[in-house]
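*Asks:* Spelled out from the first residue to the last, the chains are:
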Amino acid sequence: MKPEELLYAETHEWVGVSTEGGRKVGTIGITAFAIEQLTDLVHMVLPKLGAKATAGKEFGEVESVKAVSSLYSPVSGEIIAVNDQLPGRLEHLGDDPYITGWMIKVAIADEADLTKLMDYAAYQKQCASE
Amino acid sequence: MSVALRETPLHAWHAAHGGRLVDFAGWSMPVQYGSIIDEHTATRTAAGLFDVSHMGRLRIDGPGSTVLLDRLLTRKVAGLGIGKIRYSLVCQEDGGILDDVLIYHLQQPQGDLYHHLVVNASNREKIVAWIQKHIQPGDEVRLTDQTFETSMIAVQGPAALRLLEPLVGADLGGLEYYSGCETSICGQRGIVSRTGYTGEDGCELIVPADKAVEVWTRVLEAGKESGARAVGLAARDTLRLEAAMPLYGHELNEKLDPLTADLAFAVNLTGRDFIGRTALLKIKDKKDRPRRVGLELAGRRIPREHYPVVANGQNVGEVTSGTFSPTLQKSIAMAYVQPQFAEPGTELAIDIRGAAEPCRVVKLPFYTRSKS
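Sequences listed follow chains A and P, in order.
The opening residue of the first sequence carries number 1 in the working numbering; numbering runs sequentially from there.
The opening residue of the second sequence carries number 1 in the working numbering; numbering runs sequentially from there.
Treat each hint with caution, since some may be false.
[What the hints assert, rightly or not] Quick list of in silico lysine-lysine cross-link-like pairs, DSBU-like style, CA-CA up to 35 angstroms: (1) P:286 to P:126; (2) A:52 to P:286; (3) P:330 to P:133; (4) P:224 to P:287; (5) A:48 to P:330; (6) P:287 to P:133; (7) P:287 to A:57; (8) P:224 to P:133; (9) P:286 to P:330.
[To be verified] Partial selection, computed: residues in chain A whose CB lies under 10 angstroms from chain P: (10) 10; (11) 21; (12) 24; (13) 42; (14) 45; (15) 61; (16) 65; (17) 68; (18) 83; (19) 84; (20) 85.
None of these hints come from the bench; they were simulated from the model.
Model, not experiment: these values are computed from the prediction.
A virtual CB, placed ideally from N, CA and C, is assigned to each residue, including glycine.
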């Protein structure tokens, strides 16, 4: 997915929405801006398959030399896929945060969650002001 | 309420060269320019330039200065050779550490001798007040805070001496470790010393504030081919932690004494008196005081300050600093633990946000440069 087609949370997660088997699925990761701010990633914790994600609540953490940051889910629903390869290849996260850097897929329970997210232009604006 | 941050003479340079500026002890300082790990590695393999102008620089003149400083510092000042520098502590009466400092004994070209103290940025005002409080009527002492009229630049790494040699008037190779002198630096009058805070060889330069940018850019230019680069405070912290150097506010504070902090080498208890000595003599005989140890973790999660150190489910200590060590490629930490858990090889755990991450006590420092 292209960054222009994604939705964004204030906390720098992105979500790409697709339809799989008749249900809406959100693919979630963190933005290139967030990765640049964090720099020097050393560790990541992702949730287990089948766990519940809750909009605005932590689903994992990413740690850089500088600090540890929580990962907040932009949507609620069951976690139907986890990118288990990612914690072992963090150095590549910066190369392609929107494709190979995806973290979890969530079966979206309530599409209203999506209306609270920003589009690309609004997110760009937020980054420029930080 | 926002308080205006102090800026070093190099502030505009940092901002123009991608420095991420943060509030550090009331100063706007570059925490990093890019990758912390790249800056760290450049210092270990080539040379890093650090703006440490936020450190306090105090000059003490007058025939009474030796007696005054001898009363305030844990290490003997009388007899300190010309050009010699010592790491020392300033303690309060109960032995608590007010600051850790470098004391220089220097000579001006025309012959006048004086002392120079480098103190932590966060403690500068406290130490100035402490010194002034202890100047007695009749003491022939003059204290000058030179922090704002000068700038301090650390050049650290295996290439540091070689790149500085053509720019500095003194014979750097002939200058012993922990020695310094007044000399010319890029044509400016300044102080050069074989000191630093990274575990690498190198120098620290003190130059007039209005010449700081010129000196900084000339040293960077001279070191360009060997890979010298500007390094921020974040990598300064990972470097000093690998070298196991204590940091005020983390390993050191007013509630801790130098003996518990494993700094007995910087305390001369015999044949003299200084503020805190009586308390330290008592502390010396206490066997159950905590110990400062190094911890190496099995995993890559980073133990941060204040995380509990755990043995068999019981808290037995607390982390004071931790990081991912770029040189060792492991997570490391310094901590204070109960003495029975301080032996190298002891298996412990650190409570990292609820998970007990296994770690082992190791000998400090984590990193020592090879002296080839």
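*Asks:* Decide, hint by hint, whether the structure agrees.
*Replies:* Each hint tested on the structure:
1. P:286 to P:126: Holds: residue 286 of chain P and residue 126 of chain P sit about 29 angstroms apart, inside 35 angstroms.
2. A:52 to P:286: Violated - the C-alpha atoms of residue 286 of chain P and residue 52 of chain A are around 53 angstroms apart, more than 35 angstroms.
3. P:330 to P:133: violated, 46 angstroms
4. P:224 to P:287: Violated, at roughly 51 angstroms.
5. A:48 to P:330: holds, 26 angstroms
6. P:287 to P:133: Distance ~34 angstroms between residue 287 of chain P and residue 133 of chain P Cα, so the pair holds.
7. P:287 to A:57: violated, 47 angstroms
8. P:224 to P:133: violated, 47 angstroms
9. P:286 to P:330: holds, 34 angstroms
10. 10: violated, 21 angstroms
11. 21: violated, 35 angstroms
12. 24: violated, 32 angstroms
13. 42: holds, 4 angstroms
14. 45: Because about 8 angstroms separates residue 45 of chain A from the closest Cβ in chain P, which is inside the 10 angstroms limit, the hint holds.
15. 61: This interface hint holds because 8 angstroms falls under the 10 angstroms limit.
16. 65: At 5 angstroms from the nearest chain P Cβ, residue 65 of chain A passes the 10 angstroms test, so the hint holds.
17. 68: holds, 7 angstroms
18. 83: At 18 angstroms from the nearest chain P Cβ, residue 83 of chain A fails the 10 angstroms test, so the hint is violated.
19. 84: Violated, because the Cβ-Cβ distance from residue 84 of chain A to chain P comes to roughly 16 angstroms (cut-off 10 angstroms).
20. 85: violated, 16 angstroms
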